[in-house]
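Chains A and B, in that order, give the protein sequences. Using the numbering used here, the letters of the first sequence correspond one by one to residues 94 to 423. Using the numbering used here, the letters of the second sequence correspond one by one to residues 55 to 174.
Hints listed in this document are in silico derivations from the structure and should not be mistaken for laboratory results. Among the clues, some could well be false.
[As the list claims (entries may be wrong)] Derived SDA-like pairs: lysine to any residue, alpha-carbon spacing no greater than 20 angstroms straight-line:
| # | chain 1 | residue 1 | chain 2 | residue 2 |
| --- | --- | --- | --- | --- |
| 1 | A | Lys95 | B | Lys68 |
| 2 | A | Lys208 | B | Gly61 |
| 3 | B | Lys68 | A | Lys208 |
| 4 | A | Lys208 | A | Asn363 |
| 5 | B | Lys93 | A | Glu107 |
| 6 | A | Lys208 | A | Glu107 |
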Amino acid sequence: MKILAVDDDPIILEILLQFAEVIGGHSITTALSGAEALELIEKSTGTPFDCFLFDIQMPLMDGIELTRTVRRIKRHADTPILMLTAMSDKRYVDDAFSAGATDYLTKPFEISELKARLTLVEGLVHSRKARTGKIFATQSRATASQVGEVSGNVQLHEPVPIYDVDNVIDYIAMENYVRQLSRSSMFGSTTFAFTIRNVEEHHTMSAFEFTSLISDVAEIISDTLAGHQFLMSYAGGGTFVCVTESGWRPAMPALMDAVNLALSRTELYNNSGEQLYVRVSAGEAIRLIWKSADSVMDAVAAAYTSAEEASARHERAKNDFWLVEPRANF
Amino acid sequence: MSEELPGLERIRVKFLDMLEDRQASIAQHALRAWESDDKASRNNNLLSAQNILHQIAGTAGSLGFGPLGEAARACEHQIIDHIEAAVAPRHSLVDVMLSMDHFVSISRTLLNEKSRRRAS
Chain A
94 MKILAVDDDP IILEILLQFA EVIGGHSITT ALSGAEALEL IEKSTGTPFD
144 CFLFDIQMPL MDGIELTRTV RRIKRHADTP ILMLTAMSDK RYVDDAFSAG
194 ATDYLTKPFE ISELKARLTL VEGLVHSRKA RTGKIFATQS RATASQVGEV
244 SGNVQLHEPV PIYDVDNVID YIAMENYVRQ LSRSSMFGST TFAFTIRNVE
294 EHHTMSAFEF TSLISDVAEI ISDTLAGHQF LMSYAGGGTF VCVTESGWRP
344 AMPALMDAVN LALSRTELYN NSGEQLYVRV SAGEAIRLIW KSADSVMDAV
394 AAAYTSAEEA SARHERAKND FWLVEPRANF
Chain B
55 MSEELPGLER IRVKFLDMLE DRQASIAQHA LRAWESDDKA SRNNNLLSAQ
105 NILHQIAGTA GSLGFGPLGE AARACEHQII DHIEAAVAPR HSLVDVMLSM
155 DHFVSISRTL LNEKSRRRAS
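With the hints as constraints, model all of the structure from the sequences given.
What follows is the structure in structure tokens.
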């Protein structure tokens, strides 16, 4: 991979260069500041960087601001960003994920850990290249045939990327974030999810229309949750998972009503100009307190399943209503 | 660092060379903070020291200087706590100074060892 490492400490950069030389397969370019990094990114038009390693605490432009800026560069909207951070930076880690970081590595780091993380990132880079290819291929076909085309290319279960929505992060980043929540952070954390009802029907649209719909719904949920401290991610299957760290325990029925009210007020259309009827179901809010680090992701998965079940129940209830024979009251 | 990189010795030497200046800067900022009557100036000096300590804490452990890194980290936390606490910080300025003094003395021990090794 072609990696850009940014840290104001030359020693860290030397360690990273040495690391790259020993394990091979990666070329590392280094920068001592955010400004220098942006200059290098701008110059690398031929072969763009595959991965970024950013320190958080840097003078003038910190790693969070740098992440935000890099995410605004179109070709790096998806490029994995690993934050290199000391433990005392934990309070910045939430901001870093919110700004678009993919993962974080605690300094001082073990070489084996860095190697393992970069292997994961490499897998992510390859899968993203394949997925981006699919979306763009479908998009161009949809444009050619003027939409409405059914796309099997973007799978329903795939967590499609969402850009420029406050507090919405990539699903891989959410997994990394949740796995590293400290016990004290878990004390006040809750996870919950929303599932788009009857999402299979919406999935028959073109891949581009479907990803636009997912992005619109994410924005509506994010706006509804505004004012609370949370991170959210689209996990695929029409389901959005959220994690809140502020000690807030949401009342899910009221929250679902608020999201659906906002959806009803927002007119969503497909590319043919037909209005879409989109509503969500909410699952249970699951507290993360007393959970071990390993079981936190299970709790997120349980929140996901709970929202999916709520959506399925809603659809069943709608259909069953017409199956129940009207009975006279005696 | 359980899995050691070849070529790490060269980086260690560079780290110790830099530590010479870094620990002198930390000591200087500590002294200025201690002597300052003005809160803003005191905090600025403490923050400057914290930035240097933060860098040391981030790399010392990876280079086999674990105790130095831990002392830098502890010192950094005390400074942050002292500056950010609105009313009564858990760590008084005296605590912070003692912690910085501890860090500087560990640094000097390491630097003296380095000088002895170079001399022999």
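Results of checking the hints against the structure:
Under the criterion of a C-alpha separation no larger than 20 angstroms, the hint pairing Lys95(A) with Lys68(B) is inconsistent with the structure, at around 26 angstroms. For the proposed pair Lys208(A) and Gly61(B), the alpha carbon gap of about 17 angstroms is at most 20 angstroms, so the pair holds. Distance restraint check for Lys68(B) and Lys208(A): the Cα-Cα separation of roughly 24 angstroms exceeds the 20 angstroms cut-off, and the hinted pair is therefore not satisfied. Taken as a hint, the Lys208(A) and Asn363(A) pair is broken in the structure, with Cα atoms around 44 angstroms apart against an allowance of 20 angstroms.
With a C-alpha separation of about 37 angstroms, the suggested pairing of Lys93(B) with Glu107(A) is violated against the 20 angstroms cut-off. Between Lys208(A) and Glu107(A), the direct Cα distance comes to roughly 16 angstroms. Compliance with the 20 angstroms bound is thereby established for this hinted pair.
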